[in-house]
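Participant: Position chain Y relative to chain W; hints supplied.
Number of protein chains: 2
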Amino acid sequence: VTETFTLAIDAMGGDNAPEMVLDGLELAAERHPNARFLVVGDQAVLAPQLAGHRRAKAVCTIRHAAETISNDMKAAAAVRIRQSSMRLAIDAVAAGEASGVVSAGNTGALLALSKIVLKSLPGIDRPAMAGIAPSARGDVVMLDLGANVQCDPRNLVEFAIMGDAFARTVLGLTAPTIGLLNVGVEEMKGDDTVREAAEILRASHIGPRFHGFVEGNDITAGTTDVVVTDGFTGNVALKTGEGALKLISDLLRHVFTRSLSAKIAYLIARPGLDRLREWLDPRRYNGAVMVGLNGVVVKSHGGTDAKGFAHAVDVAMDMVVHRFNEHIREDLARIAVDKRSGGDKNDGDRRLATA
Amino acid sequence: VTETFTLAIDAMGGDNAPEMVLDGLELAAERHPNARFLVVGDQAVLAPQLAGHRRAKAVCTIRHAAETISNDMKAAAAVRIRQSSMRLAIDAVAAGEASGVVSAGNTGALLALSKIVLKSLPGIDRPAMAGIAPSARGDVVMLDLGANVQCDPRNLVEFAIMGDAFARTVLGLTAPTIGLLNVGVEEMKGDDTVREAAEILRASHIGPRFHGFVEGNDITAGTTDVVVTDGFTGNVALKTGEGALKLISDLLRHVFTRSLSAKIAYLIARPGLDRLREWLDPRRYNGAVMVGLNGVVVKSHGGTDAKGFAHAVDVAMDMVVHRFNEHIREDLARIAVDKRSGGDKNDGDRRLATA
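Here the protein sequences come in this chain order: W and Y.
In terms of the working numbering, the first sequence has 312 at position 312, counting the first letter as 1, and numbering is strictly consecutive.
In terms of the working numbering, the second sequence has 264 at position 264, counting the first letter as 1, and numbering is strictly consecutive.
Keep in mind that the hints were calculated from the coordinates and are not lab data.
Fair warning: there could be bad hints in the mix.
Remember, identical chains collapse to one label, so a pair may be satisfied in a single copy or spanning two.
Distance condition first, Cα-Cα at most 25 Å in a straight line; then the derived BS3-like pairs of lysine-lysine [as the list claims (entries may be wrong)]:
hint: 1; residue 1: LYS115; residue 2: LYS189
hint: 2; residue 1: LYS307; residue 2: LYS246
hint: 3; residue 1: LYS57; residue 2: LYS189
hint: 4; residue 1: LYS119; residue 2: LYS307
hint: 5; residue 1: LYS189; residue 2: LYS119
hint: 6; residue 1: LYS74; residue 2: LYS189
hint: 7; residue 1: LYS57; residue 2: LYS263
hint: 8; residue 1: LYS307; residue 2: LYS189
hint: 9; residue 1: LYS307; residue 2: LYS263
hint: 10; residue 1: LYS74; residue 2: LYS115
If we strip away everything but chain W, and leave its shape as in the complex, we get (with noise of 0.2 Å):
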């Protein structure tokens, strides 16, 4: 008998949900049969709409939520609401009926949520944003992407290790090397935030994997495997690049329609063209990840389709079957034993030993 795993799903959240939701599910119930769905939404209407959806019926239970948060609410008045369905499935998880959560909702809400029903793990400070970004030597891991605007050097050695983590249980890699967001790679370069960062991350168990700092550029050339930042610049940086792939889509679309012989050398070419649309699809993006908290949470982009939200639960699932969060925590006890035998016995700090 294979083992299955739960994930609690935000119906409500998004901008097509529940529709978008349930045929996300109905894909994803293909993809992954050892998953199993806790559907947290209006009763009345997602009953009929998964009648309709042969796969995800058969593996889909509904939870009622009688609220939804809309995702113009702030996160200060969502967190009030406690039957909502984006609370409801966090809740669910907490409580250890599902190994962890997806939503399309509102951003803040969602990450404020996280942060007050599955708290973060012990050790980690600040949960981060993380994400997966194309570059020209296969996929990239970022973080933070939006989470925390303001960090101190101790955030991004925690966003680091995490980002280590990411990178081991969802890209697969065994050694993945990790590069510090800066404004050029000299060492005295930036401000005293990245700087001190540097030097703890030299200093720490995932030094010898850590290549210093990297430029904007980095991200798409593949420079390394991991990209740390903090949210602010993560958030613009993961924006603008998607921002460029837009622009040169919408240019390139232009160019193949705008005459007979443009559109006969779009018929002629289309293989390739297709498979690189495919690559850069930023469906193949949707998912980032809450990390740093007791539990998975994964927010799809609210307006995304049922491929993306598909993507969305693929990453969800590949953390909880790769058990990401464990993972995390053998890091976090190692830096701990570190700390211990550099006789720093100050058991009480939460942030890291390292710092």
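Facilitator: For chain Y alone, kept in the frame of chain W given last:
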């Protein structure tokens, strides 16, 4: 008689200097009949090479400089060299012999020397680096691109005022719109720095054209004509966008060369693809301007070629001919008047009166 303008040229800066520089001036001399060049560098090297440049030699004067600032030299060391080609070129601007300077050399040294020799414009606390990026709706001005890794709200406000003048001068816009880069467009997003800067901008004379917060993807979408951010984020965003464009260009080259049919498709679609490539050509965006100084200072990419260097000269000529610094002076005077009418009498404050 047409008025002529003289630019000082650091002939020894850049990976392939001075050949690349002189080749660039040959192109620039054709494009700008009203330009004269004071070419600063090793006389023994420059004189014979310049003799081979028919158009350039007619409008160039060589000034000997015994030393060159290398790319890996720290700014603190570079400013101590009195006879470097970069220093003497900047000195020529300070002495009124030239209206501006163009260098493809060490960025940190150029910024440091420009600040020391030319000084900031009265009312400007921190000069910034501005550049132009492609967008779906035309060219966009971005600043700061790396001169100031840490910024306070008043710095960002100064950048907005200088970006506005830049868009009017170089892009020729009559009423540019201005956006402040952030992790979201809602008012409560980001940190105190961007929120305070937004508040000041809304109340300033450019308030009606201040669009509010923009995100990374708004840069290439062309949501605003000017995008303002700190030097850390701006540098990362610029390089991330360049990296994304390079990735897709490389992949497209691969798609169109991998098979005979793909090569045929390329030949058919070539006019459109070539136009696209030309439009996105990084050389077309070469030439970052150090704004906020008493004099025009343009930094060319060190790895560019003659065409790219000539574009940096185009930018410098635009700034000089359209009297960029006079525009900024007028704007700053306007703010000072606002300040007085507002009752604030602290004239000793070098920082922006609106802050």
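Participant: Output the indices of the hints that this structure fails to meet, ascending.
Facilitator: Result: hints 3, 4, 7, 8, 9 break, sorted rising.
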